[in-house]
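Participant: Read top to bottom, the protein sequences are chains U and P.
To convert, note that position 232 of the first sequence is 232 in this note's numbering; the numbers rise steadily by one, no gaps.
To convert, note that position 40 of the second sequence is 370 in this note's numbering; the numbers rise steadily by one, no gaps.
Hints are not guaranteed to be accurate.
Pair ranges (Cβ atoms, derived) [as the list claims (entries may be wrong)]:
id, chain 1, residue 1, chain 2, residue 2, range
1, P, ILE459, U, SER315, 21 to 31 Å
2, U, GLU314, P, GLY350, 28 to 38 Å
3, U, ARG140, P, VAL461, 19 to 29 Å
4, P, LYS346, U, PRO307, 52 to 62 Å
5, U, ASP90, P, VAL461, 45 to 55 Å
6, P, ALA464, U, VAL82, 37 to 47 Å
7, U, ASP90, P, LYS346, 14 to 24 Å
8, P, ALA462, U, ARG140, 18 to 28 Å
9, P, PHE396, U, GLN80, 18 to 28 Å
10, P, PHE450, U, GLY291, 20 to 30 Å
11, P, SER388, U, GLY313, 53 to 63 Å
12, U, PRO150, P, GLY369, 54 to 64 Å
13, P, LYS341, U, GLU314, 48 to 58 Å
Far from chain U by the CB rule (all over 10 Å, computed), these chain P residues [claimed, not checked]:
id, residue
14, VAL340
15, LEU373
16, ILE452
Hints were generated in silico from the structure; no laboratory data involved.
The C-beta atom is built at its ideal place from N, Cα and C for all residues, glycine as well.
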Amino acid sequence: MSTLIFKNRPRIIGWYSVAGKKESEGPLGTTFSRVVKDEYFGEKTHEGAERKLFETAIQGAIQVAKVQPDIVFAGDLLNQIVSSSFAMRDIGLPYAGVYGACSTMALSLLVAATFVDAGVVQTTVAAAGSHFATAERQYRTPLEFGNQRPPCSQWTVTGAGATVLSADSKKSRLAITAGTIGRVVDYGVKDVNNMGAAMAPAAADTLARHFKNTNTKPADYDAIFSGDLGQIGEEALRDLLKDKGYELGENYHDCGKLIYSVDQKVDMGGSGCGCSAVTLNGYIMDKFQSGEYHKVIFMATGALLSPTTCFQGESIPGIANAVVIEEVTE
Amino acid sequence: MDKQEYAEYVKKITPKSKIGWSLVRAFVVGGLICILGEGLGALYKLWLPAYDETQVGSLVSCTLIFLAAVLTGIGVYDKIGYFAGGGSIVPITGFSNSITSAAMEFRKEGIIFGTCANMFKIAGPVIVIGVAVAMLCGLGYYLVGLFI
Chain U
1 MSTLIFKNRP
11 RIIGWYSVAG
21 KKESEGPLGT
31 TFSRVVKDEY
41 FGEKTHEGAE
51 RKLFETAIQG
61 AIQVAKVQPD
71 IVFAGDLLNQ
81 IVSSSFAMRD
91 IGLPYAGVYG
101 ACSTMALSLL
111 VAATFVDAGV
121 VQTTVAAAGS
131 HFATAERQYR
141 TPLEFGNQRP
151 PCSQWTVTGA
161 GATVLSADSK
171 KSRLAITAGT
181 IGRVVDYGVK
191 DVNNMGAAMA
201 PAAADTLARH
211 FKNTNTKPAD
221 YDAIFSGDLG
231 QIGEEALRDL
241 LKDKGYELGE
251 NYHDCGKLIY
261 SVDQKVDMGG
271 SGCGCSAVTL
281 NGYIMDKFQS
291 GEYHKVIFMA
301 TGALLSPTTC
311 FQGESIPGIA
321 NAVVIEEVTE
Chain P
331 MDKQEYAEYV
341 KKITPKSKIG
351 WSLVRAFVVG
361 GLICILGEGL
371 GALYKLWLPA
381 YDETQVGSLV
391 SCTLIFLAAV
401 LTGIGVYDKI
411 GYFAGGGSIV
421 PITGFSNSIT
431 SAAMEFRKEG
441 IIFGTCANMF
451 KIAGPVIVIG
461 VAVAMLCGLG
471 YYLVGLFI
């Protein structure tokens, strides 16, 4: 079955989010553990800054959890996932890189939860992050190039988030109880500026399979989050799921739409690995803390393209990974 | 929904650029840049009466290229571009911006493999196509001239 049920319920014992200036000025600005206003974060390059965001998030989460993790699972958007790997060079813990484009936060959580659930390790960390400037350089044009963004485009979030999982059930009431690994779904969207539309079919596929496999429906959750579908993707997901017999209600939100306000000129909303990572390790965990949420689906969505595949005329395959975060009693 | 239906559906829900307003902004900013060029030309003619039309034209181009490079360097040109779109991309200033912005972006990879290797990343195709089309036009001009 493509949905994993974690019988031992790996506990979430620590989390940390670090976000940039623009994100701090958005509606979720107060939910981040730390805000870094300097786009270079004191480093020489934006790539260096992204690395440091990772380091900060992972170290921060470890400090909050007060444990020595056995393995860190992390990934980012840059070629050869250099941001996570280079951050781990300094942190020095055992590390396995994962890549799921912008779905990486959910993917790393799924892998981290699986390791803990299987009992092979005691503590794991899942992390993901991105930086606006490094993503622009890799996927689009130089920062100072004076062009217009098409109205369907999205804005890459500068930030990183990390979550610490533990097998020790006494340490926390928050647990990861299930998860659904995504299928690569491609509906033929070729417009690189319309990632939301490209990823929505994958999101619909993952959610529909998740509901079916767990025998649940959207209303059984306090909230359902998608990673970075943006306005178009959100609308498409609602309609695609309706086709599959599931209606998403008021409890459905998209991290990409939550993170910026309309007047921040981000068009359809936020995107990037960092988008879902900082929302999960800030806003969503805050809501669990305040008792507003008890059971949530966190589904991060990714577009599995590279600049090369785009130029060669390939369409954009999407993927979505979902995890269920739940407050458990025992 | 199958792929075909989805493509049509996406087209329907994707917001379009507001063409009318974009054209007005492009026209105004593009026009202002051209007026600036004309003004500079008039000034150069006053200052340097010995220069002929072609030389004054080159001076104007150089000045506009320099100004756009400076505006790119201090982070203003991308804001003009965000507002004006094609209005600030099409004139020679846009060409300057495309080269300067790429040169700045890749400076971190060093002078040779960063700046030099990448500065024509955006402008390169424009130059190649420009030269190719100029050759074709020249050929056409020559051939037509044979019969007239």
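Participant: Taking the hints in turn, state whether each one holds.
Facilitator: Here's how the hints hold up against the structure:
1. Taking 21 to 31 Å as the suggested C-beta distance range, the pair ILE459(P) and SER315(U) conforms, at roughly 26 Å.
2. A hinted range of 28 to 38 Å holds for the C-beta pair GLU314(U) and GLY350(P), which are about 34 Å apart.
3. The supplied range of 19 to 29 Å is met by ARG140(U) and VAL461(P), whose beta-carbon atoms lie about 26 Å from each other.
4. In this structure the hint that LYS346(P) and PRO307(U) lie 52 to 62 Å apart at CB is violated, the actual value being about 25 Å.
5. The hinted window of 45 to 55 Å between ASP90(U) and VAL461(P) holds, with their beta carbons roughly 49 Å apart.
6. In this structure the hint that ALA464(P) and VAL82(U) lie 37 to 47 Å apart at CB holds, the actual value being about 42 Å.
7. For ASP90(U) and LYS346(P), the Cβ-Cβ distance of about 47 Å falls outside the hinted range of 14 to 24 Å, so the restraint is violated.
8. About 26 Å separates the C-beta atoms of ALA462(P) and ARG140(U), a value consistent with the hinted range of 18 to 28 Å.
9. A hinted range of 18 to 28 Å is violated for the C-beta pair PHE396(P) and GLN80(U), which are about 39 Å apart.
10. Between PHE450(P) and GLY291(U) the beta carbons are some 58 Å apart, a value that contradicts the proposed interval 20 to 30 Å.
11. SER388(P) and GLY313(U) have their C-beta atoms about 41 Å apart, which leaves the hinted 53 to 63 Å range violated.
12. Between PRO150(U) and GLY369(P) the beta carbon distance is about 34 Å. The supplied range of 54 to 64 Å is therefore violated.
13. The hinted window of 48 to 58 Å between LYS341(P) and GLU314(U) is violated, with their beta carbons roughly 20 Å apart.
14. At roughly 4 Å, the least C-beta separation between VAL340(P) and chain U is not larger than 10 Å, which violates its mark as non-interface.
15. For LEU373(P), the non-interface assignment is confirmed: its Cβ lies about 25 Å from the closest Cβ of chain U, beyond the 10 Å cut-off.
16. At roughly 7 Å, the least C-beta separation between ILE452(P) and chain U is not larger than 10 Å, which violates its mark as non-interface.
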